[in-house]
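If you read the protein sequences in the order shown, they are chains S and Z. Counting in our numbering, the first sequence runs from 1 upward without gaps. Counting in our numbering, the second sequence runs from 318 upward without gaps.
Please note that the accuracy of each hint is not assured.
Unchecked claim - Among the chain Z residues that face chain S by a calculated CB cut under 8 Å, a handful are: (1) A385; (2) D386; (3) V391; (4) R392; (5) V396; (6) H397; (7) C398; (8) H403; (9) R415; (10) V416; (11) A420; (12) A464.
Derived by calculation from the structure, the hints in this document are not laboratory data. The model shown is predicted, which means the values in this text are computed figures rather than measured ones. Glycine included, C-beta positions come from ideal geometry on N, C-alpha and C.
Here is what each chain is made of, one letter per residue.
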Amino acid sequence: MVSSAVLSFARSERFALLALVLAIAFPIACGFRTYPLFIAAQFAVFAMVALSLDVLMGRSGQISLGHAGFFALGAYAAAILSARFDVDLLAGAIAGAALAALGSLIVGLPATRLSGHYLGIVTLGFGVAVAQIALKWTALTNGDEGVHVRTIHLAGIVLSSPLHVYAVAFVALAAVAVFAARLPRTRLGRAFAAVRDSEIAAAAMGISVARTKVTAFVISAAIAGAAGALYAALTGFVAPEDFGISQSLLFFAMVVVGGTASTAGTLLGALVLDAVSQGAATVGGLSVALIGAAIVAVALFRPAGLKSLWRRGEGSR
Amino acid sequence: MVSVQNLDVAYGRVPALHDVSVEIPDRAIVAVLGPNGAGKSTLLKTISGIVRPRRGRVVADGEDVTHADPAAIVRRGIVHCPEGRHVFPEFTVEENLRVGAYARGDLDAMDAVLEMFPVLRERLRQLAGTLSGGEQQMLAIGRALMARPRVLLLDEPSLGLAPLLVERIFAAIVRLRDDGMTIALVEQNAALALAVADRAYLLVAGRLRFAGEASALAGSELLHTAYLGGT
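Okay, chain S solo, but in the shape it has when bound (with noise of 0.2 Å):
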């Protein structure tokens, strides 16, 4: 048993070693074309939201069908600040991650009282009235006109070049990864694993269940609000359509077909799923099938998700 933890530790530096040699020999494959390395960067920024998922999902064990909301609030908290006072990437992050994790206190207070089905429910009405209010308000958001970034600069630095953008996604990114991997041995992920295998047990030892479950929500919802700040800097532009249904089904098909509770599992559920529905966006409603036909496929011939393929004896979650 001390054996294997050793290999598994090593496995998961081998995996981190990994990831990091790809992101950095990426831009120069491309030859630092513009499109790839936006489509890598757009990649990095939704890896995020699926690992603030998976936080949510796999490590607590609460349900979200509606994080494209919070990853809304988080793009289009940094963009209005951006397009009226011209401010930093960094603060605008901070607004983001700020403001979904208010919103997130919207779901999460019922959540202490509400699992399963009902949760899943309550998270996709969340989900729709973020992209409603965002198309009717049109005061603050312009509604389907959308909000253009004025320039981006983070610390006194302009990110004029896709590669930029890019830099900051993956460090990001990294920074995310490492800390959704570290999580469950820290106290904090503890409690969540406890509240998420045995509320009763949880409750026992002292741990407020449902604190632990607001806190689930918060950090999840704040990962993804910043999440949303750097997709509004990669694309320029934040309109209503890109944070529908469709997106927050798009995120939680990335964590089931990766695995849950798997950090590893979820980028690469992250990545493929990523990669399905750019190849299909040229054919309206095929993205969509094709993230369902993911979901059916992971559910009949690897329950437990892609992370299976590495993980054994967890066949069954």
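Knowing the structure of chain S, use the given hints to seat chain Z on it.
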């Protein structure tokens, strides 16, 4: 000293306890006996704040804790070891023990726990889900002890265990009492519980049928009629 006064508890419309009063004196083992569905586990859950009563009070050391939340009750030194073990299967033994110390934030009790259950020391890095039933029960008790309780609420520690393991766990319970701990022990195995208990209560269908010295209940007809369905 924990005292439960005139407790009424219901799950929705289904009554679970009616007018139940129980005294748990310091440094004693108090057995709560009764057939399945009598409300024994509900009584412990009410004391630990997991279930809210309709009526009545829970008083610990003279203070009303009826509406305190479970975390606050753990910090007061009243720790519940729930029925069915509820160990965290994907945590190692050591991580389970660390969660037990969640409310304290220190691991001072670790050595004593591992000394009491040496098998846990051998399995510290093993996933709890891979332990045998008896080992999981020891882990569940050890995890509760990590919070260094003054009052331990122990629900069905013998459930599904081989006789030899049951003996070992009851020896541990007696030792904890002799070291000054107060223990409320819910058991289906009445003979076993009465052999170690100082005081005993008999619950039948949510109502108290006996309260007094454990030895008095041991020789009583009440016990037989309760378990065989009489009233």
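Practice task
Run the structure past the numbered hints and jot down the numbers of the failing ones, going up.
Solution key: Hint 1 is the one this structure does not satisfy, whereas the remaining hints hold.
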